[in-house]
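Construct the entire structure; sequences and hints are all you get.
Chains A and B are the protein sequences, given in the same order. Those letters in the first sequence? Residues 1254 to 1506, by our numbering. Those letters in the second sequence? Residues 1254 to 1506, by our numbering.
In case anyone wonders, no lab produced these hints; they're calculated from the structure. Hints are all accurate, no fakes.
Just so you know, same-sequence chains aren't split out, so a pair can sit in one copy or run between any two.
Straight-line Cα separation of at most 30 Å, DSS-like style, residue types lysine-lysine; simulated pairs:
1) Lys1484 <-> Lys1426
2) Lys1353 <-> Lys1484
3) Lys1402 <-> Lys1269
4) Lys1274 <-> Lys1402
5) Lys1332 <-> Lys1402
6) Lys1402 <-> Lys1484
7) Lys1484 <-> Lys1357
8) Lys1484 <-> Lys1420
9) Lys1353 <-> Lys1302
10) Lys1274 <-> Lys1261
11) Lys1420 <-> Lys1353
12) Lys1402 <-> Lys1317
So the chains spell out like this:
Protein chains: 2
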Amino acid sequence: MEYIESPKNDHIKQAKKLTTKKYQKQTGEYLLDGWHLVQEALASGQTPKRIYATEKFINERDLKPFYDQVTEISPEVAKSLSDTPTPQGIFAIMPLRAQKLPNKLSGQFLLLDGIQDPGNVGTLVRTADAAGVQTVVFGNGTADAFGPKVLRAMQGSQFHLNIVTAKLADVVKGLQAADIPVFGTELNPDAVPYQSVDAQTQFGLIVGNEGNGMQQALLEATDANLYIPIKGEAESLNVAIAAAVVMFHLVGA
Amino acid sequence: MEYIESPKNDHIKQAKKLTTKKYQKQTGEYLLDGWHLVQEALASGQTPKRIYATEKFINERDLKPFYDQVTEISPEVAKSLSDTPTPQGIFAIMPLRAQKLPNKLSGQFLLLDGIQDPGNVGTLVRTADAAGVQTVVFGNGTADAFGPKVLRAMQGSQFHLNIVTAKLADVVKGLQAADIPVFGTELNPDAVPYQSVDAQTQFGLIVGNEGNGMQQALLEATDANLYIPIKGEAESLNVAIAAAVVMFHLVGA
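Right under this line is the structure:
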């Protein structure tokens, strides 16, 4: 098994670059950090292009079936590859599966309109996964799906549902053409309380930017805009929290 | 107006210590960072013991009514007081209001059983505030309510609802003695789907540690334990997300 000791090794420098959107696009690859995420990748049936693991990991975990893909790395290399201060010591280079919306849209969709915080983006995808939503559409201005912080919050949900980058205005039109109702969200009592809409087998739900909410043009294109009545004195809810409350209501019991 | 230029000034060193639980206890004070939080404090009618603000803040915001409380600080002092890389430049030392549960319990309670992540704790309190829950009880092992990260995620909700530190087993007994139903949460299909419980005018809802969930003894002391059916392949939900879904269901339309 190959062993890499120095963070200055070219393969390691390449792998580190896979945390940025630019190199992900160039190479069609991204980098996973940590055992839970690597496990999810392996369980999904996707083959890592390479696994980098410290000796401790190679000994303690059963990586034998992937022996040809594994390169041993020093703890120093692990530190240089991770954006966390105490990395576990296992990484995988994964193929970026280019995903597109099918021509015939069906099911439940979450649309992200300019969600900037990577933790929010990852939590939104994880929550959509738990709610059984099949597709998350990343609109303009939304944090890159395969950056380290998003991956950490997403907890492997990219292996369970479709993640698509698309122009949200087009997706809204496509959903409506397929008779799938599209709901926006806004912090505005002129909108409809979310509880007044029944559970839906098919829907598109749009959530908007942390500070500015959804784009006006999208708010005007939806079938209805929903809000969560605030009962206390909080000014607003975190966007991932708000999306969770509405999504679980829409998917129903 | 007094001006402090050096981060080594004794008052500044004292103020910085107020971000730790130990000094909060000793002094009965804590430190707010940022205009939104200071605004919430002022709007609540609580008087800051001192406001530290950079020249920019003093000129741009109307701090005149609080002139006697304001000390001007240099940008270097602002940097040293904040745990964010680019602080806004305004801080307030606030009194820690010691809050206790009343003898006669009533209303809606959120109980935190060992929630470790400060962002989760703050988001839970903010969400409880939005849902109209009146009291959040911090149990053993839960992150300190007045540390910088919790304060940031809480967004000022500590001024809107009661934050109490107490032994959860005692609170559960007290709630049940007052005929208030207590619900636990667990990731276990043996529990009851949350949708099968109706909205409640009074309740206690317990959420547990990110990794280990609620203490077994508490799970056994509740009236019922609820779970959120997972429809996709996600293993679990973030604790603040799960609490939000159940809380908004329990408070009802």
